[in-house]
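A.B. asks: In case you want the letters, here they are:
Number of protein chains: 2
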Amino acid sequence: MKIYRYPSRDIWTDLVQRPVLEQKEISALIAEIFDEVDRNGDQALIGFNRKFDQAETETVIVAEAEIKDAENRINNDLKLAIQQAKENISKFHASQNPEIQKIETTKGVVCWRENRPVEKVGIYIPGGTAPLFSTVLMLAIPANLAGCKEIVLCTPPDKSGNINSAILYAAKLCGISKIFKTGGAQAIAAMTIGTESVPKVYKIFGPGNQFVVAAKEYAQQYGVAIDMPAGPSEVLVIADEQSIPEFCAADLLSQAEHGSDSQVVFLTTDLKVFNETIQAVEQQVKDLPRNEMASKALEKSSFVLIDSLEAAVEFSNLYAPEHLILAISELEKYIPMIKNAGSVFLGNYSCESAGDYASGTNHTLPTNAYARNYSGVSLDSFVKKITFQHLSKEGLQNLGKTIEIMAEAEGLLAHKNAVSIRLKK
Amino acid sequence: MKIYRYPSRDIWTDLVQRPVLEQKEISALIAEIFDEVDRNGDQALIGFNRKFDQAETETVIVAEAEIKDAENRINNDLKLAIQQAKENISKFHASQNPEIQKIETTKGVVCWRENRPVEKVGIYIPGGTAPLFSTVLMLAIPANLAGCKEIVLCTPPDKSGNINSAILYAAKLCGISKIFKTGGAQAIAAMTIGTESVPKVYKIFGPGNQFVVAAKEYAQQYGVAIDMPAGPSEVLVIADEQSIPEFCAADLLSQAEHGSDSQVVFLTTDLKVFNETIQAVEQQVKDLPRNEMASKALEKSSFVLIDSLEAAVEFSNLYAPEHLILAISELEKYIPMIKNAGSVFLGNYSCESAGDYASGTNHTLPTNAYARNYSGVSLDSFVKKITFQHLSKEGLQNLGKTIEIMAEAEGLLAHKNAVSIRLKK
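Protein chains in written order, with this note's numbering: chain D, 46 to 470; chain P, 46 to 470.
No lab work stands behind these hints: they were computed from the structure.
What you were told as hints is all true, and nothing was included just to trick you.
Below, simulated SDA-like cross-link-like pairs (lysine to any residue); rule was C-alpha separation at most 20 angstroms, straight line:
#1 K345(P) with L333(P)
#2 K245(D) with G86(D)
#3 K113(P) with N207(P)
#4 K470(P) with S374(D)
#5 K317(P) with Q328(P)
#6 K124(D) with G456(P)
#7 K245(D) with T58(P)
#8 K194(D) with N362(P)
#9 K136(D) with K152(P)
#10 K438(P) with E286(D)
#11 K430(P) with E164(P)
#12 K430(P) with I148(P)
#13 K430(P) with N142(D)
#14 K430(D) with I380(P)
#15 K384(P) with T58(P)
#16 K430(P) with P143(D)
Sequences are here, hints too, so could you generate the full structure?
C.D. replies: Shown next, in the form of structure tokens:
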């Protein structure tokens with residue numbers, strides 16, 4: 046842990062730096078994988094399953110029977126939990142569909158926007174150390190609410206060639222039937238180019254390791270859109286004198302356990318809370334199964350004693366955290382000061398894991414200071430907002446002169462003529 | 046012109062292909078320009094003004110006196126036109142700011158979103174054959190409405206080292222005071238990296254030639270966001286028997302005059318309208334000052350006679366046009382069928398130039414089939430939507446079990462513990 050007591054503002058810019066990631070030069074490998082998938086389709090994916098996931102798979106298609114089996118293998122408590130989460134996520138994301146608002150900007154000139162789904166979307170769910178079925182909910186639910194026609198899900202098989210049951214169950218619950226056993230950069234390549242089995246999509250969502258991240262970047266050259274650029278997960282907690290150190294510690298650790306490259310930042314104005322939170326972190330980390338990862342993440346993490354909550358929020362805006370926990374009492378005062386954050390958790394009972402799983406907000410959020418210029422995933426991420434306009438004859442009469450003058454001043458006389466020819470009629 | 050009569054659906058996929066662009070390998074040049082701007086700041090920009098724009102500029106900063114001068118140089122009609130356009134664009138974009146909607150997803154669990162401006166944005170306005178002051182309005186107005194604190198505008202100087210007066214006037218009218226004389230890839234580099242004069246920004250907007258487009262792509266490696274990927278401008282017009290051939294022709298030409306790489310597509314069910322529109326295009330193009338560009342664009346453009354309006358809309362969805370003009374009578378029937386388009390113009394009097402300048406909609410739109418997966422610029426492009434959540438003690442009691450079960454099933458026990466430790470208290 047890096048401990049700072051009242052650091053001078055001059056060094057804040059250093060303090061908000063993310064740990065520098067080892068930038069392996071993997072773009073040549075990504076290009077090779079895309080080429081191989083382009084040439085050999087499903088067979089390439091099956092080969093990569095063998096090579097990268099040590100899995101024998103006859104086909105990349107997940108059969109209906111496998112999905113049914115998965116449902117039987119999930120215990121009832123988990124099913125009910127996933128269902129409650131689905132309900133909340135659905136409620137919150139459904140509220141993001143605005144009513145159409147027609148605006149008459151000039152008499153006879155009416156403009157509005159309508160949402161249309163991105164027709165074909167791809168969802169990538171990593172395998173690896175944690176089977177992230179919660180991410181299935183976070184991406185498939187808004188995709189469905191948006192009305193996306195084709196929703197494709199790719200996830201790597203385990204060594205026995207199977208997909209985690211909870212992932213299959215969550216997918217089924219969300220109405221996804223096109224599930225494929227393929228992971229890493231090759232899964233992204235398959236959804237970008239298309240194979241005999243895997244449909245080509247227009248936009249790809251989902252987290253992943255550095256190969257997946259690089260492949261998503263590469264996929265954009267093919268005209269595919271992606272949800273957002275990615276980096277390691279992070280949380281920043283701001284505490285005052287009434288914050289509860291054990292709670293703060295637990296929240297910091299719930300982020301730190303994600304991976305050794307995760308980062309957590311703790312800011313408080315209260316010396317007692319400062320010291321007790323550090324102690325509680327040291328205490329709690331011992332009992333975690335993912336102790337090693339969390340400890341590594343903590344090494345790069347900062348604990349900062351700061352002179353005011355205003356300063357703490359200012360520091361946070363500079364850091365632009367993916368998750369921001371305001372474990373303070375004067376929420377109304379500080380919420381308007383927040384400028385850059387992915388998702389904000391308010392008060393002593395809004396732990397980050399609530400939003401990670403079940404409160405209803407999306408957990409696909411901008412990391413690595415991208416909260417300065419990107420939003421998290423929402424219903425908006427799955428639609429295009431198309432503008433419409435209708436000018437009546439009167440509308441064009443009212444606006445025509447303005448258009449003609451501007452078009453002429455830009456030297457675009459065909460633009461002007463499109464108005465003039467109508468006004469003359 | 047390419048003329049197709051009732052083309053079979055098998056060849057539609059070929060027909061909707063965009064002309065293949067000459068892909069010059071310019072990435073090495075872009076990297077050099079970024080390096081040079083990084084090393085030499087303003088001096089690099091001044092050097093590039095000399096080299097690429099044949100302009101001697103002592104400083105890249107546009108002085109207040111220059112802006113005032115510009116105001117005096119603009120005639121009153123143009124001022125009034127720009128003001129009316131500003132009013133309409135403001136009205137429509139202001140309507141895109143949703144009210145905060147707090148959703149109680151579970152008793153005691155409240156979630157909502159709040160907009161926060163992207164704090165620093167950069168606007169690029171090309172010089173070249175047309176001084177696009179209208180694009181200043183389209184980008185500066187929503188940036189201001191969103192509350193962006195720092196709005197930077199870069200545009201190349203003419204050979205005498207000056208900026209077009211209408212660009213300066215529009216910028217001033219929109220409250221932009223940070224204007225810099227720098228164009229091309231070097232302007233994008235300056236806004237990405239920052240120089241002594243040009244502030245570094247978080248998101249860059251605006252059209253440009255292939256160097257600007259490549260530079261915007263490259264800038265993303267620095268963590269900067271961009272409005273959208275870009276390609277040549279395009280329009281698709283769908284006409285029925287009541288459409289007016291001269292109007293259709295004028296609309297097609299107003300797009301074709303943009304550049305020799307523009308593309309226009311005309312679809313109609315009516316043979317008479319088909320023939321007369323082609324004649325009208327041939328007639329009208331002769332009188333255009335930008336005749337040469339428009340003629341080149343027409344060479345690659347398609348005129349399609351098609352058997353039904355349903356088929357025409359289907360074709361359009363496959364093409365995913367930047368601009369779609371529905372010059373037909375049964376609007377209510379066909380609007381819901383539109384799946385992919387940037388901006389849609391309805392009826393015989395909604396010419397594309399209305400939206401290009403003054404109706405209120407934004408003219409920064411997805412081209413090159415990106416209307417399948419991108420929206421045009423709107424107020425949303427200048428904000429992040431931050432999610433907030435507040436769980437009361439009761440809220441966590443209601444949701445806690447669900448979070449614990451899901452976290453445990455994902456093997457993330459620190460996530461579970463953040464709930465358990467609170468429930469125990």
